[in-house]
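Trainee: Be aware that the sequence shown starts at 1, since it is given in full-length UniProt numbering, and climbs by one per residue.
FYI, nobody ran anything at the bench for these hints, they're computed from the structure.
Beta carbons are placed, not taken as given, at the ideal position from N, Cα and C, and that holds for glycine.
Certain hints may be false.
Dumping the calculated BS3-like pairs for lysine-lysine here, alpha-carbon to alpha-carbon at most 25 Å [to be verified]: (1) Lys173 with Lys156; (2) Lys156 with Lys82; (3) Lys103 with Lys156; (4) Lys142 with Lys114; (5) Lys103 with Lys160.
Now the in silico label distances, taken between C-beta atoms and shown as ranges [claimed, not checked]: (6) Arg113 with Ala43: 44 to 54 Å; (7) Leu157 with Ala52: 14 to 24 Å; (8) Leu38 with Lys108: 47 to 57 Å; (9) Leu193 with Glu119: 34 to 44 Å; (10) Ile49 with Asp168: 39 to 49 Å; (11) Gln102 with Ser126: 26 to 36 Å; (12) Met105 with Leu157: 16 to 26 Å; (13) Ile46 with Thr98: 20 to 30 Å; (14) Leu199 with Asn70: 19 to 29 Å; (15) Ser28 with Asp168: 33 to 43 Å; (16) Ser126 with Asp36: 41 to 51 Å; (17) Leu193 with Ser63: 18 to 28 Å; (18) Asn70 with Tyr146: 17 to 27 Å; (19) Gln117 with Asn70: 43 to 53 Å.
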Amino acid sequence: MAYSDDRLEEIFERSRELNPDFLDNTASLAFEMHSDWLSVLAAENIKRINDADACDYVFHTASSTEFIFNACSKLSLPNEVKYSAVFIFDSFMVQLVTYFYQKVMRSKHSLRRKFRQWEHVEATLSRQIALRVLSAIQIASKMHSYHESLSIETVKLCLKKYGYCYPDDSIMKSELRMLSMIDWNPTYHCTPLVYVESLFKIINKFLNLINFQLFPETNKVVTLILCGLLEGKILYVV
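Construct the complete structure from the given sequences, taking the supplied hints into account.
Mentor: If you want it as structure tokens, here you go:
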């Protein structure tokens, strides 16, 4: 599909408003520090691989992610908060479900009673999903910017819109329990968003370094890829 100059300008203007501006060098790392930053990302990724467990991302489902992303959008929270909240929620739920499962299975009750107890646990966890999601978002917002983080009152109002009424004390206890359950280690410092944005930023720096205007075909391909991403016509770029 061919784009007119006006259409391209419109697309890029919308990109600057809604997406990271990879052409903006304000507060960006110097080119000499890129290798150091890539080393940091690589080291953390290796740690993530070494720490991987079979239960990881059990609650990182399409429905839970959609719920978290929609809630963050309604609260006008940045993308960093969305991704961090997804990982915090998953980590907490895995720990919480494991704790209750072991507690039920290690009891000396009969199998029938254990089954009834587990049904009760499942029902309770299901009722509390919205509260746990908002607690994860609240913690993620504090990681991003404490001064712009969600207050208890904001969380309470948001839960009310979803049809749940919780007092301030319950919201505070939920946040503290979540932090305690994940051992006060909310998530890895770098979410996938950081990796992707760093990749695009470094690619842009590299293209500028070799002055890719000397290669009009490359320039054209990059432009079309960006247009396709912004128009939603390209789902993955390999």
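Trainee: Hint by hint, note whether the structure agrees.
Mentor: Now the hints, each set against the structure:
1. Lys173 with Lys156: Holds - the C-alpha atoms of Lys156 and Lys173 are around 13 Å apart, at most 25 Å.
2. Lys156 with Lys82: 19 Å, holds
3. Lys103 with Lys156: Violated, at roughly 30 Å.
4. Lys142 with Lys114: Cα-Cα ~39 Å, so violated.
5. Lys103 with Lys160: Violated, because 32 Å separates the two Cα atoms, which is more than 25 Å.
6. Arg113 with Ala43: 44 to 54 Å: With Cβ atoms ~48 Å apart, the hint holds.
7. Leu157 with Ala52: 14 to 24 Å: The hinted range 14 to 24 Å is violated for Leu157 and Ala52, with Cβ atoms some 37 Å apart.
8. Leu38 with Lys108: 47 to 57 Å: 54 Å, holds
9. Leu193 with Glu119: 34 to 44 Å: Since Leu193 and Glu119 have Cβ atoms about 38 Å apart, the given range 34 to 44 Å holds.
10. Ile49 with Asp168: 39 to 49 Å: The hinted range 39 to 49 Å holds for Ile49 and Asp168, with Cβ atoms some 40 Å apart.
11. Gln102 with Ser126: 26 to 36 Å: Given a distance of about 19 Å, which is not inside 26 to 36 Å, the answer is violated.
12. Met105 with Leu157: 16 to 26 Å: 39 Å, violated
13. Ile46 with Thr98: 20 to 30 Å: Between Ile46 and Thr98, where Cβ atoms are some 25 Å apart, the hint holds.
14. Leu199 with Asn70: 19 to 29 Å: At 26 Å between Cβs, range holds.
15. Ser28 with Asp168: 33 to 43 Å: Holds: the Cβ-Cβ distance is about 41 Å, inside 33 to 43 Å.
16. Ser126 with Asp36: 41 to 51 Å: 46 Å Cβ-Cβ, so the 41 to 51 Å window holds.
17. Leu193 with Ser63: 18 to 28 Å: Holds, at about 20 Å.
18. Asn70 with Tyr146: 17 to 27 Å: 24 Å, holds
19. Gln117 with Asn70: 43 to 53 Å: Hint violated: Cβ distance 33 Å, outside 43 to 53 Å.
In terms of the numbered hints stated before, the structure departs from hints 3, 4, 5, 7, 11, 12, 19, listed from lowest to highest.
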